[in-house]
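Chemist: Chains as they are written, first to last, in this note's numbering: chain A, 504 to 811; chain B, 61 to 234.
I should point out that these hints are in silico values taken from the structure, not numbers from a laboratory.
Treat the hints with care, since some could be wrong.
To be verified - Chain A is faced by these chain B residues, among others (derived, beta-carbon under 8 Å): (1) I71; (2) L72; (3) V76; (4) S78; (5) C120; (6) A123; (7) I124; (8) F128; (9) G130; (10) F180; (11) F182.
As the list claims (entries may be wrong) - Pairwise CB distance ranges, derived in the manner of DEER restraints: (12) L211(B) to Q589(A): 53 to 61 Å; (13) S550(A) to L156(B): 38 to 46 Å; (14) G126(B) to V559(A): 24 to 32 Å; (15) L211(B) to R542(A): 25 to 33 Å; (16) V566(A) to L211(B): 23 to 31 Å; (17) G126(B) to S550(A): 12 to 20 Å; (18) G181(B) to L511(A): 23 to 31 Å; (19) Q178(B) to I534(A): 22 to 30 Å; (20) L186(B) to L562(A): 35 to 43 Å; (21) R571(A) to N154(B): 39 to 47 Å.
To be verified - Residues from chain A that face chain B, not an exhaustive set, calculated with beta carbons under 10 Å: (22) A521; (23) T527; (24) A537; (25) E538; (26) V555; (27) T556; (28) I563.
C-beta: ideal position from N, C-alpha, C; glycine also.
Listed here are the chains, written in short residue letters.
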Amino acid sequence: MNGRWHALAVGVLFLVLAGLIFLTSDPRVEISGAERLLRELLAPLESGLSAVTRSVTGLIDSVSSFARIQEENRALRQEVAALKLQVRSLQSYADENENLRRIAGVKARLPEESLTARVIARSHNQWFGTVTIDLGRNDGLSTGLPVINADGVVGYVQNVTARTAQVTLLTDPRSAVGGMIARNEVPILVEGAGDPLGKEATVRALVGGAVMQVGDRIVTSGLSQVFPKGIPIGVITHVEYDSTGLRQHGVLTLDVDFQRLDWVTVLLGPSDIDVTEAFAGDSASEERPASVAGLGERSGGSLGERDR
Amino acid sequence: MRWWLLLPFTILLVAVQSTLLAPLAIWGIRPDLILVFIATVGMVSGPLAAGSVGLVTGFCIDAITGRFVGLGAISKAVAGVVAGALGQRVFKENALVKIASIFLTAVVDGVVYFLGAQAFGFRFDLQQSLFKVLLPGAWYTAAAALLLYPLFTRVWGLAGSQATPGEAAGNRGG
Chain A
504 MNGRWHALAV GVLFLVLAGL IFLTSDPRVE ISGAERLLRE LLAPLESGLS
554 AVTRSVTGLI DSVSSFARIQ EENRALRQEV AALKLQVRSL QSYADENENL
604 RRIAGVKARL PEESLTARVI ARSHNQWFGT VTIDLGRNDG LSTGLPVINA
654 DGVVGYVQNV TARTAQVTLL TDPRSAVGGM IARNEVPILV EGAGDPLGKE
704 ATVRALVGGA VMQVGDRIVT SGLSQVFPKG IPIGVITHVE YDSTGLRQHG
754 VLTLDVDFQR LDWVTVLLGP SDIDVTEAFA GDSASEERPA SVAGLGERSG
804 GSLGERDR
Chain B
61 MRWWLLLPFT ILLVAVQSTL LAPLAIWGIR PDLILVFIAT VGMVSGPLAA
111 GSVGLVTGFC IDAITGRFVG LGAISKAVAG VVAGALGQRV FKENALVKIA
161 SIFLTAVVDG VVYFLGAQAF GFRFDLQQSL FKVLLPGAWY TAAAALLLYP
211 LFTRVWGLAG SQATPGEAAG NRGG
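Okay, chain A solo, but in the shape it has when bound (with noise of 0.2 Å):
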């Protein structure tokens, strides 16, 4: 009996709510009283927990912004410091081209045989102003031969080995060049001075009456046996009487940045040729002075290296 009235329930039950369903089975714009009282309850109760959820979604959001914001900051600096290893790594490439053209340039015009060596090694101390080449004996290299490159004077080659050669720099203590004004090919003496930046040299009048004056170009006089005549030097930036108040001495900006010598050309033929011609593009030489044009017109002194 009692499972009899249990499935009565149960059937009631169901009679009930399937009215109800149908009832409800299409959206409604009023809702029971009941419905209302359950909203109503919730509602507050949605409104708390939803901020929560908002402060906690927003604080995962933030957490995982941070990380991922960092992390981008860091492929950034990452990025940003490759791409300026990348544009130094450019600039080298541009550097090395442009000097490479002028030097094939000036090689070009050069009226004798000559090599192109890159530097590999710079000297092991600062006292003393050298650099390694990767050309040797072997390659038909030899001591004493001049070195160039596109801007005027580097040296000359102090010793070979079979694939090497240690070259002096001219800015070393113990080098000099015999040179003279190109002006008025009055022969002077540029020595190197040791400058450790290889900017400067000091220059000597080597006869009595020589007036330099500051802004005279010095080229090469080409009576050393060593360099040919008309290689560029530098400028004379300071000029000045010795004790005796009869000869000048001076200091020498040198044309060459010995700071970024990378590729030099060393001349292999006869040192008594005129080679002013061959640096008369080079935009280092278009600020000669006109007259250097014509250096070959009167002959002026040359001593050649002083531990020749």
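With chain A fixed as given, assemble chain B onto it according to the hints.
Modeler: Frame of chain A, contents of chain B only:
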């Protein structure tokens, strides 16, 4: 059983499900907390208690939803009865069995609701309802039950319910 606790607890679960669980939705599917609770009741106290709890909580949800009022009550009640029946027949201490039982309970709930809505003129797309709503939802609910089952068991115990003889024996044995 303190039945009066069921209403606020249901409201709390509905609120949690509609707010806190929203960010946990996967492809728009959230676990059904109330179904986990009903299944828990079924496992612990049998089909009659679970069917009753399903009926009450389902009706509350229907009233809050405002559409097909009573259909949720029926589907949840049926699901509760099924959960209770399974709880009496399977070795529910095994986690996999428990998950499978709750999955089946969720499927029954979904199928009853689907068929009921169809019967009252609402047209669902069968394939989409089955593969995008019903089955994924059932799996998610079953997975959530792993975490929630112990909590809901305790809540059900605090509500003054009594475990079925089998459950009581199981608890003593465990």
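Chemist: All hints, please: hold or fail.
Modeler: Consistency of the hints with the structure:
1. I71: holds, 5 Å
2. L72: holds, 7 Å
3. V76: holds, 6 Å
4. S78: Because about 6 Å separates S78(B) from the closest Cβ in chain A, which is inside the 8 Å limit, the hint holds.
5. C120: Holds. Min distance 7 Å.
6. A123: Check passed: Cβ of A123(B) comes within 5 Å of chain A, closer than 8 Å.
7. I124: Check passed: Cβ of I124(B) comes within 5 Å of chain A, closer than 8 Å.
8. F128: For F128(B), the interface hint holds, since the closest Cβ of chain A sits about 5 Å away, which is under 8 Å.
9. G130: holds, 3 Å
10. F180: holds, 4 Å
11. F182: Holds: closest Cβ of chain A sits about 7 Å from F182(B), inside 8 Å.
12. L211(B) to Q589(A): 53 to 61 Å: holds, 58 Å
13. S550(A) to L156(B): 38 to 46 Å: 39 Å Cβ-Cβ, so the 38 to 46 Å window holds.
14. G126(B) to V559(A): 24 to 32 Å: holds, 29 Å
15. L211(B) to R542(A): 25 to 33 Å: holds, 26 Å
16. V566(A) to L211(B): 23 to 31 Å: Hint holds: Cβ distance 27 Å, inside 23 to 31 Å.
17. G126(B) to S550(A): 12 to 20 Å: holds, 19 Å
18. G181(B) to L511(A): 23 to 31 Å: holds, 28 Å
19. Q178(B) to I534(A): 22 to 30 Å: Holds - the Cβ-Cβ distance for Q178(B) and I534(A), about 24 Å, lies within 22 to 30 Å.
20. L186(B) to L562(A): 35 to 43 Å: holds, 41 Å
21. R571(A) to N154(B): 39 to 47 Å: Given a distance of about 42 Å, which is inside 39 to 47 Å, the answer is holds.
22. A521: Cβ of A521(A) sits 7 Å from chain B, so the hint holds.
23. T527: For T527(A), the interface hint holds, since the closest Cβ of chain B sits about 4 Å away, which is under 10 Å.
24. A537: At about 6 Å, which falls below the 10 Å cut-off, the nearest Cβ of chain B leaves the hint on A537(A) intact, so it holds.
25. E538: This interface hint holds because 5 Å falls under the 10 Å limit.
26. V555: holds, 7 Å
27. T556: It holds, given that the least Cβ distance between T556(A) and chain B is near 5 Å, below 10 Å.
28. I563: holds, 8 Å
The structure is consistent with each of the numbered hints, conforming to all of them.
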